[in-house]
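Colleague: Each chain is listed here by its residues.
Protein chains: 2
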Amino acid sequence: MQVAKHLQQIQPSYIREILAAATSEGVISLAGGLPAPERFPLSLMKDGIAQLSKDPALFQYGETAGYRPLLAYLEQHYQLASTHKMLVCTGSQQGLDLIARTFLNPGDGVAMEAPCYPGALQVFAMAQASIQSVQQHADGPNLQALESRFASGRIKIFYAVPDFHNPTGICWTLEKRKKVAALCRQYRIGLVEDAPYRELRFAGSELPMVSSFCPERSLVLRSFSKILTPGIRLGVLSGPKDWLTPLITVKQASDLHSSLPMQSLLLKLIAHPEFPAHIEQLCQLYSERYQALASALSEYLGEGFDFAPVRGGMFVWLKLPNLDPLTVAKTAISRGVAVVPSTVFYHNCTSPDSALRLNFSHEHSETLREAVRRLASVLA
Amino acid sequence: MQVAKHLQQIQPSYIREILAAATSEGVISLAGGLPAPERFPLSLMKDGIAQLSKDPALFQYGETAGYRPLLAYLEQHYQLASTHKMLVCTGSQQGLDLIARTFLNPGDGVAMEAPCYPGALQVFAMAQASIQSVQQHADGPNLQALESRFASGRIKIFYAVPDFHNPTGICWTLEKRKKVAALCRQYRIGLVEDAPYRELRFAGSELPMVSSFCPERSLVLRSFSKILTPGIRLGVLSGPKDWLTPLITVKQASDLHSSLPMQSLLLKLIAHPEFPAHIEQLCQLYSERYQALASALSEYLGEGFDFAPVRGGMFVWLKLPNLDPLTVAKTAISRGVAVVPSTVFYHNCTSPDSALRLNFSHEHSETLREAVRRLASVLA
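Going down the list, the sequences are from chains G and V. Residue 323 in the numbering used here is what sits at position 333 of the first sequence, and the numbering runs on without skipping anything. Residue 97 in the numbering used here is what sits at position 107 of the second sequence, and the numbering runs on without skipping anything.
Watch out, some of these pointers could steer you wrong.
The list treats identical chains as interchangeable, and a pair is accepted whether it falls inside one copy or across any two copies.
Below 25 Å or equal to it, Euclidean Cα-Cα: the simulated PhoX-like pairs (lysine-lysine) are [to be verified]:
#1 Lys36 <-> Lys258
#2 Lys36 <-> Lys168
#3 Lys(-5) <-> Lys231
#4 Lys258 <-> Lys44
#5 Lys146 <-> Lys166
#6 Lys146 <-> Lys(-5)
#7 Lys44 <-> Lys231
#8 Lys146 <-> Lys231
#9 Lys(-5) <-> Lys168
#10 Lys168 <-> Lys146
#11 Lys166 <-> Lys309
#12 Lys36 <-> Lys169
#13 Lys320 <-> Lys309
#14 Lys231 <-> Lys168
#15 Lys258 <-> Lys168
If you're looking for bench data, these hints aren't it; they were derived computationally from the structure.
Turn these sequences into a full structure, and let the hints guide you.
Modeller: Structure, rendered in structure tokens:
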């Protein structure tokens, strides 16, 4: 059968496609957004896992919105407003896909930061949205450009990753957060705040979420993939009740509900007394690895290879002087280091920035140094 | 935000909406398609569950197509052709949704049996398909009507549940299977064979799948919800490789992949030496419950309340003489028994059949008899 017309241009994700090559023997991968497997909280989940087989209710069909005890816990944990509601998703990726399917007509405008998360580009392209890029500054999106997009009257949704942005690692300032929220209110834009890296802060102080300044115009996506484990495929989507109702209907048609044993396990993990210490240790580890990567980059790379320091998350955005990022990435993989070229983070694969995204969460510090040595030999 | 235009008519599933009422105290539910929880293979999965926390790889990101050892097992188990491929889905419901999203343009024709599974109606309505109903006979779909639909040139997909159909329990004859497959070949229709109840046979002999007579034109959906447990949300979709490739891309954008610990657990269950015995016992139990329901229906209901005997599955289709099925269903719930009115199984909620779907898999035999007594008081 021929695929649907609007899908004929959709490409599989570069990052997921190279996963095989990136995980092949001898290749150090700084390409994925993989958390450190040695920090998966297996010891914290051991009891929770053992108890699963004692509760038959977890193996029956469940409610689409999610496992009630988990929802109750999360609503309190995130201090959800009484006018808001939550939906458990098969990863925050599904939450994003549900948002696009529920609210977007073909041609509806979606503003996105440039560069941005390719998985979001893919979702909005599948929904046939008109993607409007807004350039990112060191403190968040270019406000003038954003307002002019909003003022055009053609934007329905603004998708943003304000905390430790993927791919750049940028964290918006407080001032920018407030201003973006004010613009969303003024122009009645739906803000989709994607916050998978928010808890992975290893320097500076936490800032309020952008959505906290415009809750009635916001949908928030949270992921448990980066702070706990991606394999369980769980995230949560929250927002105003009347926005959540149709989202739940679309989720129902999509997959009825997400795995109940995994939702029960997630509850046991986040309610575990050692959960806060787990996050602290994870941030400590990522801080060390970031320091290792950053110092190796400074040590082994010459002039013109710049990167902005980050205070959390998983990524460093390394700018390349006068080099084609795709060629660099391809050469690098043949020299045993996988990285992601900036092209994949831009709509239509145009890349005003020539850069590479480097992940520092997955590999040990010494391996990160070796990866940079290999990369330096490509860039030399 | 306003929901997308094509979703403004979509209603949440009647069955899932009444789940709360149907599970409230004192109500006997014959409404859902719930398997018997006392037969969830908890003892078979105990070791598998305990081992989960020993394998960190299950908690990392995985491949979109599925957990490789599971795929390898299933390919052999179902004797998949070398030209075919499999994709693990978050329940077969997701497989169906992925098919609709991948292959259907708005307005594309989808032929469906009438009555049919409401979750499929919902998926195809969301994809803005033009749904073309084909009446069901006791041995399968009306072939003349089916061929005239196919000959119109406007049908891309034929969605069918040939084994113990939901809601009618009908099982197509061998002859009908061959003829439908021949028509799919002749008119180049994509057959979607949904087989969640196939293994739940308690009388007669297994027949070849319809897709086995036209494998190059078929996508097959299998579910582990009815034979093992629905809570883990796993199903598998198979078909020609070039049809699976775009499906995997759409799955990737939808949720990256399905839960890996659950996929590993599923593998341990289906590869367990006691798995065949588990299925046998399940069929035995459902046979007993079906006998209890069928004899109570004959005993307590008067003339004109007919049903065709079934040889497997989970449902009996009880025809009502000159009664509005929705009114009957609503009155029944107030008298402590939940059933599903025939209207929800027809496109546009028109119902040429006045009937009720009665589930016999979830309740004990004695409870089924009590449910029929209550129903009889409504129907008197």
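Colleague: It remains to establish, for every hint, whether it holds in the given structure.
Modeller: Going down the list of hints, with the structure as the test:
1. Lys36 <-> Lys258: both (10 Å within a copy, 18 Å between copies)
2. Lys36 <-> Lys168: neither (42 Å within a copy, 51 Å between copies)
3. Lys(-5) <-> Lys231: Answer is between: at 19 Å across copies they meet the 25 Å cutoff, but 34 Å inside does not.
4. Lys258 <-> Lys44: both (14 Å within a copy, 17 Å between copies)
5. Lys146 <-> Lys166: within (20 Å within a copy, 50 Å between copies)
6. Lys146 <-> Lys(-5): both (23 Å within a copy, 14 Å between copies)
7. Lys44 <-> Lys231: neither (34 Å within a copy, 40 Å between copies)
8. Lys146 <-> Lys231: within (18 Å within a copy, 37 Å between copies)
9. Lys(-5) <-> Lys168: neither (40 Å within a copy, 32 Å between copies)
10. Lys168 <-> Lys146: within (19 Å within a copy, 50 Å between copies)
11. Lys166 <-> Lys309: within (24 Å within a copy, 64 Å between copies)
12. Lys36 <-> Lys169: Intra 45 Å, inter 53 Å, cutoff 25 Å: neither.
13. Lys320 <-> Lys309: For Lys320 and Lys309, the Cα distance is within 25 Å only inside one copy (16 Å; across copies 65 Å).
14. Lys231 <-> Lys168: within (23 Å within a copy, 50 Å between copies)
15. Lys258 <-> Lys168: neither (35 Å within a copy, 51 Å between copies)
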